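> Chain residues, written in single-letter form:
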Amino acid sequence: MSKQLHYALFTGCTAKQSTPELLSSTLAVADKLGIKITILEEASCCGASHLQDFDEFLAHVLNARNICYAEKLGLTMITICNTCQLNSAMTKHALDTNPELKARVNEKLAEVGLEYKGTSQIKHFLYALIDDYGLENIREKVTTPLSAFNIAPFYGCHNIRPSELHSSSNGGENPYKPTSLDSLIDALEGKPVDYNHKNKCCGFHVELQANHTSEVLAGNAMVDAIDNNADLMVTPCPLCHLKMDTYQDSVGKVIGRDIELPVLHMPQMVALALGCSEKEIGLNFHVQKATHIFSEAKRA
Amino acid sequence: MSETKAGQTRKVTIKAFRFNAETDYLPSYRSYTMEVGKDELILDLLNRIKWEHDGSFSYRRSCRHGICGACAIKVNGKATLACKQNAMELLDLFNNELVFEPSSTKRAVKDMIIDKSDFWEKHAAVKPYVVADVDPHPEHETKQSIEEFNKFLDSDLCIQCGACHYSCPALEANPDYLGPAALNAAYRFTVDTRDEATKERLKITAQSGSGVWDCVKCYECAEACPKEINPIEKITKLHNLQFEHKVAPNNVATRHAEGFLRGMKRYGYLDEADIVTYSEGYLGMYKHLKTAMKMMKSGKIHWHSGIPFINSIPKIKNLDEVKKLIKISQTHKL
Numbered sequence: 001m002s003k004q005l006h007y008a009l010f011t012g013c014t015a016k017q018s019t020p021e022l023l024s025s026t027l028a029v030a031d032k033l034g035i036k037i038t039i040l041e042e043a044s045c046c047g048a049s050h051l052q053d054f055d056e057f058l059a060h061v062l063n064a065r066n067i068c069y070a071e072k073l074g075l076t077m078i079t080i081c082n083t084c085q086l087n088s089a090m091t092k093h094a095l096d097t098n099p100e101l102k103a104r105v106n107e108k109l110a111e112v113g114l115e116y117k118g119t120s121q122i123k124h125f126l127y128a129l130i131d132d133y134g135l136e137n138i139r140e141k142v143t144t145p146l147s148a149f150n151i152a153p154f155y156g157c158h159n160i161r162p163s164e165l166h167s168s169s170n171g172g173e174n175p176y177k178p179t180s181l182d183s184l185i186d187a188l189e190g191k192p193v194d195y196n197h198k199n200k201c202c203g204f205h206v207e208l209q210a211n212h213t214s215e216v217l218a219g220n221a222m223v224d225a226i227d228n229n230a231d232l233m234v235t236p237c238p239l240c241h242l243k244m245d246t247y248q249d250s251v252g253k254v255i256g257r258d259i260e261l262p263v264l265h266m267p268q269m270v271a272l273a274l275g276c277s278e279k280e281i282g283l284n285f286h287v288q289k290a291t292h293i294f295s296e297a298k299r300a
Numbered sequence: 001m002s003e004t005k006a007g008q009t010r011k012v013t014i015k016a017f018r019f020n021a022e023t024d025y026l027p028s029y030r031s032y033t034m035e036v037g038k039d040e041l042i043l044d045l046l047n048r049i050k051w052e053h054d055g056s057f058s059y060r061r062s063c064r065h066g067i068c069g070a071c072a073i074k075v076n077g078k079a080t081l082a083c084k085q086n087a088m089e090l091l092d093l094f095n096n097e098l099v100f101e102p103s104s105t106k107r108a109v110k111d112m113i114i115d116k117s118d119f120w121e122k123h124a125a126v127k128p129y130v131v132a133d134v135d136p137h138p139e140h141e142t143k144q145s146i147e148e149f150n151k152f153l154d155s156d157l158c159i160q161c162g163a164c165h166y167s168c169p170a171l172e173a174n175p176d177y178l179g180p181a182a183l184n185a186a187y188r189f190t191v192d193t194r195d196e197a198t199k200e201r202l203k204i205t206a207q208s209g210s211g212v213w214d215c216v217k218c219y220e221c222a223e224a225c226p227k228e229i230n231p232i233e234k235i236t237k238l239h240n241l242q243f244e245h246k247v248a249p250n251n252v253a254t255r256h257a258e259g260f261l262r263g264m265k266r267y268g269y270l271d272e273a274d275i276v277t278y279s280e281g282y283l284g285m286y287k288h289l290k291t292a293m294k295m296m297k298s299g300k301i302h303w304h305s306g307i308p309f310i311n312s313i314p315k316i317k318n319l320d321e322v323k324k325l326i327k328i329s330q331t332h333k334l
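Order-wise, the sequence lines are chains A and B. Going by the working numbering, the first sequence opens with residue 1, and the numbers climb by one from there. Going by the working numbering, the second sequence opens with residue 1, and the numbers climb by one from there.
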């Protein structure tokens, strides 16, 4: 790699609260690969696709503010949550294509001394790894091949749909046949599990108001992965992780099946293969027991 | 699979879902092999299955111009308007293996033909027409500005093909949900300046269990629509309109949307514990106790101060900016 990659990291709320293992494994992977990360400590919540339901304009203002801080650094903003990616990209797209809206948003931002220009790209860490760092370069750095595991890739909606919005930042991933996560698993020498629900919804966003729907969607995906011999599932989205990792008991009851499936964050899987420490990978933070994966990977 | 005439045609095998609700207990998949030309549409392949292989193969078709919405099917799970979709594109995408299925296999009547009655019931439920006292003997036309017309122009392009409706996982899990097509229609008439049923229609879309709050935000509808309508964008607008017209009920779903601001004002981040307590109410919290205990045990809920939930959330830098922006930019209230 000729020039060191340097990104502004938008952590999102989950990595700062319920999934500390996502942040620590992301930083560990970046460190191993020599990618420089500047955390956007000023960035607020993206609204998680809910705030926009209450007040779409306000959601645009707050997301634009986050992007301003990446622009100030002159860096590409990377996200480690599909929903952060979607909401930031939606605001960027709305402002870049609608000068009148951009002006209205900038009028508000001026009150706090900021201006949205539209100069920073926004991409998920998954695609930064694949498209900027390169799968072959990652493959070379693998010290702990994941060959012991059948790994079910779970893409999460907000990185792949709507495809028109994401195509410039996700390598033109086809939402009906996504391949990035499969190729990453393959580069880490794991065995990607092919199953129908890999590109489907986990139900996280209606966990509170439509619980049954939420449980059914999560259950369908996990049962499909299990029935296709998955030892574990991996996802680039901490919200998919929270839904699938935390609620396996209740989901199992709704679906009528016992579900025991460790659900890893994408950076945890990479960190495991690159030989990062047990503490950095943070499998102890999972509700569904996952700590055995570390020792099993080492043993293999 | 073979390619001939410099990539002009490809020999492929198509698997098609075959089922006759009157005679069959279970569906089956049958294979048809044919040379596919580079300009052929999926509709051409449906025709060729019927004309060249099996005259009993059934599917809906009519206009052949992307207007009537009859020929929507699924190809390898992808919602497809057969008369608009080039076959080569899908052969490239799916490595030359095509599987034709009806939009909803559960609702299959014969082969590609489905019973769409659920779609039409949902559609009718949102009053998909202009509600107005119309003068039977008008002396001038009803005028709309271009700006007013543009508000519903793209939502009006819906051809009721059902592609979004039968791609919606929320509907699959919850048959009461109105679904993206009906909600798009609700939006289309709600923002029409001639319409006088704004609140009435918005109330229909605000119902828990059937309305916009049951959307799972998967964006399948945006991807499925052959007319590029982006139904979920209209669903978001309906959410906003409910607050604007003060018909949003104060319930777990609306508090959940508005409640993001509570944490953001205090920390810049969402307060994960507070959003659950605030949305559910203290009585509703009991449902989450078991999960909370498990999350606490694994360290997902933090104990920085020795007491869970207290001082457990970091603050962003320049929090004052967020507070100020919320104050000066907020347009809706719950």
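Calculated from the structure, these hints are not laboratory results. A quick note: this is a predicted structure, and the numbers were derived from the prediction, not measured. Heads up, the beta-carbon is just placed ideally off N, CA and C, and yes, glycines get one too. Careful: at least some of the hints might be erroneous.
[What the hints assert, rightly or not] As a list, the in silico DSS-like pairs of lysine-lysine whose alpha-carbon atoms are at most 30 Å apart:
{"no.": "1", "chain 1": "B", "residue 1": "Lys333", "chain 2": "A", "residue 2": "Lys289"}
{"no.": "2", "chain 1": "A", "residue 1": "Lys36", "chain 2": "B", "residue 2": "Lys315"}
{"no.": "3", "chain 1": "A", "residue 1": "Lys72", "chain 2": "B", "residue 2": "Lys265"}
{"no.": "4", "chain 1": "B", "residue 1": "Lys315", "chain 2": "A", "residue 2": "Lys102"}
{"no.": "5", "chain 1": "B", "residue 1": "Lys290", "chain 2": "A", "residue 2": "Lys253"}
{"no.": "6", "chain 1": "B", "residue 1": "Lys110", "chain 2": "A", "residue 2": "Lys177"}
{"no.": "7", "chain 1": "A", "residue 1": "Lys289", "chain 2": "B", "residue 2": "Lys127"}
{"no.": "8", "chain 1": "A", "residue 1": "Lys102", "chain 2": "B", "residue 2": "Lys294"}
{"no.": "9", "chain 1": "B", "residue 1": "Lys323", "chain 2": "A", "residue 2": "Lys72"}
{"no.": "10", "chain 1": "A", "residue 1": "Lys72", "chain 2": "B", "residue 2": "Lys324"}
{"no.": "11", "chain 1": "B", "residue 1": "Lys333", "chain 2": "B", "residue 2": "Lys127"}
{"no.": "12", "chain 1": "A", "residue 1": "Lys102", "chain 2": "B", "residue 2": "Lys127"}
{"no.": "13", "chain 1": "A", "residue 1": "Lys298", "chain 2": "B", "residue 2": "Lys246"}
{"no.": "14", "chain 1": "B", "residue 1": "Lys151", "chain 2": "A", "residue 2": "Lys117"}
{"no.": "15", "chain 1": "A", "residue 1": "Lys32", "chain 2": "B", "residue 2": "Lys315"}
{"no.": "16", "chain 1": "B", "residue 1": "Lys297", "chain 2": "A", "residue 2": "Lys279"}
{"no.": "17", "chain 1": "B", "residue 1": "Lys323", "chain 2": "A", "residue 2": "Lys289"}
{"no.": "18", "chain 1": "B", "residue 1": "Lys315", "chain 2": "A", "residue 2": "Lys117"}
{"no.": "19", "chain 1": "B", "residue 1": "Lys317", "chain 2": "A", "residue 2": "Lys72"}
{"no.": "20", "chain 1": "A", "residue 1": "Lys102", "chain 2": "B", "residue 2": "Lys327"}
{"no.": "21", "chain 1": "A", "residue 1": "Lys102", "chain 2": "B", "residue 2": "Lys324"}
{"no.": "22", "chain 1": "A", "residue 1": "Lys102", "chain 2": "B", "residue 2": "Lys246"}
{"no.": "23", "chain 1": "A", "residue 1": "Lys117", "chain 2": "B", "residue 2": "Lys297"}
{"no.": "24", "chain 1": "B", "residue 1": "Lys106", "chain 2": "A", "residue 2": "Lys253"}
{"no.": "25", "chain 1": "A", "residue 1": "Lys102", "chain 2": "B", "residue 2": "Lys227"}
{"no.": "26", "chain 1": "B", "residue 1": "Lys324", "chain 2": "A", "residue 2": "Lys117"}
{"no.": "27", "chain 1": "B", "residue 1": "Lys227", "chain 2": "A", "residue 2": "Lys177"}
{"no.": "28", "chain 1": "A", "residue 1": "Lys279", "chain 2": "B", "residue 2": "Lys15"}
{"no.": "29", "chain 1": "A", "residue 1": "Lys191", "chain 2": "B", "residue 2": "Lys15"}
[Stated by the list, open to error] Over the 12 Å line for every Cβ pair with chain B, so calculated as not near, a few chain A residues:
{"no.": "30", "residue": "Lys16"}
{"no.": "31", "residue": "Glu21"}
{"no.": "32", "residue": "Ala64"}
{"no.": "33", "residue": "Gly134"}
{"no.": "34", "residue": "Arg139"}
{"no.": "35", "residue": "Asp186"}
{"no.": "36", "residue": "Glu189"}
> Compare the structure with each hint and give your call.
The hints, checked one at a time:
Restraint check for lysine 333 (chain B) and lysine 289 (chain A): not satisfied, since their Cα atoms lie roughly 42 Å apart, outside the 30 Å limit. Distance restraint check for lysine 36 (chain A) and lysine 315 (chain B): the Cα-Cα separation of roughly 23 Å lies within the 30 Å cut-off, and the hinted pair is therefore satisfied. Simply put, lysine 72 (chain A) and lysine 265 (chain B) have alpha-carbon atoms about 23 Å apart, close enough for the 30 Å limit, and the pair holds. At roughly 27 Å between alpha-carbon atoms, lysine 315 (chain B) and lysine 102 (chain A) fall within 30 Å of each other, so this suggested pair holds.
Annotation: proposed proximity of lysine 290 (chain B) to lysine 253 (chain A) holds, straight-line Cα distance about 14 Å (limit 30 Å). The hinted pair formed by lysine 110 (chain B) and lysine 177 (chain A) meets the criterion: a straight-line CA distance of about 28 Å does not exceed 30 Å. Proposed proximity of lysine 289 (chain A) and lysine 127 (chain B) is contradicted: the alpha carbons are some 50 Å apart, above 30 Å. With a C-alpha separation of about 44 Å, the suggested pair lysine 102 (chain A) and lysine 294 (chain B) falls outside the 30 Å cut-off, and the hint is violated.
About 21 Å separates the Cα atoms of lysine 323 (chain B) and lysine 72 (chain A), which keeps this hinted pair within 30 Å; it holds. Between lysine 72 (chain A) and lysine 324 (chain B) the alpha-carbon distance is near 20 Å, which keeps this suggested pair within the 30 Å criterion. Pair hint lysine 333 (chain B) plus lysine 127 (chain B) holds up; C-alpha atoms about 27 Å apart against a cutoff of 30 Å. With a CA separation close to 35 Å, the supplied pair lysine 102 (chain A) and lysine 127 (chain B) exceeds the 30 Å bound.
Between lysine 298 (chain A) and lysine 246 (chain B), the direct Cα distance comes to roughly 58 Å. Violation of the 30 Å bound is thereby established for this hinted pair. Proposed proximity of lysine 151 (chain B) and lysine 117 (chain A) is supported: the alpha carbons are some 27 Å apart, at most 30 Å. Note on lysine 32 (chain A) and lysine 315 (chain B): the hinted pairing holds, with a Cα-Cα distance of about 28 Å set against a maximum of 30 Å. Note on lysine 297 (chain B) and lysine 279 (chain A): the hinted pairing holds, with a Cα-Cα distance of about 17 Å set against a maximum of 30 Å.
This hinted pair does not check out: lysine 323 (chain B) and lysine 289 (chain A) have alpha carbons roughly 39 Å apart, beyond 30 Å. Restraint check for lysine 315 (chain B) and lysine 117 (chain A): satisfied, since their Cα atoms lie roughly 26 Å apart, inside the 30 Å limit. The suggested pairing of lysine 317 (chain B) with lysine 72 (chain A) holds, with an alpha-carbon distance near 15 Å, which does not exceed 30 Å. A C-alpha spacing of about 19 Å is found between lysine 102 (chain A) and lysine 327 (chain B), which places the hinted pair at or below 30 Å, so the restraint holds.
Distance hint between lysine 102 (chain A) and lysine 324 (chain B) is fulfilled; the C-alpha atoms sit about 18 Å from each other, no more than 30 Å. Between lysine 102 (chain A) and lysine 246 (chain B) the CA atoms are separated by roughly 27 Å; this keeps the pair inside 30 Å, and the hint holds. The hinted pair formed by lysine 117 (chain A) and lysine 297 (chain B) fails the criterion: a straight-line CA distance of about 44 Å is larger than 30 Å. A distance of roughly 24 Å separates the Cα atoms of lysine 106 (chain B) and lysine 253 (chain A); the hinted pair therefore holds under the 30 Å criterion.
Taking the CA atoms of lysine 102 (chain A) and lysine 227 (chain B), the gap is near 27 Å; set against the 30 Å cutoff, the hint holds. About 20 Å separates the Cα atoms of lysine 324 (chain B) and lysine 117 (chain A), which keeps this hinted pair within 30 Å; it holds. Simply put, lysine 227 (chain B) and lysine 177 (chain A) have alpha-carbon atoms about 21 Å apart, close enough for the 30 Å limit, and the pair holds. Under the criterion of a C-alpha separation no larger than 30 Å, the hint pairing lysine 279 (chain A) with lysine 15 (chain B) is inconsistent with the structure, at around 50 Å.
With a CA separation close to 28 Å, the supplied pair lysine 191 (chain A) and lysine 15 (chain B) stays within the 30 Å bound. A cut-off of 12 Å between C-beta atoms contradicts the statement that lysine 16 (chain A) is not in contact with chain B; the least separation is 6 Å. Non-interface call for glutamate 21 (chain A) relative to chain B: violated, since the shortest CB-CB distance, roughly 9 Å, does not exceed 12 Å. Not every CB of chain B lies more than 12 Å from the CB of alanine 64 (chain A), the least distance being 9 Å, so the non-interface label is violated.
Even its closest Cβ contact with chain B, about 24 Å, leaves glycine 134 (chain A) beyond 12 Å, as expected for a residue assigned away from the interface. For arginine 139 (chain A), the shortest C-beta to C-beta distance to chain B comes to about 23 Å, beyond the 12 Å cut-off, and the non-interface label holds. In this structure aspartate 186 (chain A) is separated from chain B by more than 12 Å, as the shortest Cβ-Cβ distance comes to about 17 Å. Non-interface status of glutamate 189 (chain A) relative to chain B is upheld: no Cβ of that chain comes within 12 Å, the nearest being about 24 Å off.
This entry does not satisfy hints 1, 7, 8, 12, 13, 17, 23, 28, 30, 31 and 32, going by the numbered hints stated previously.
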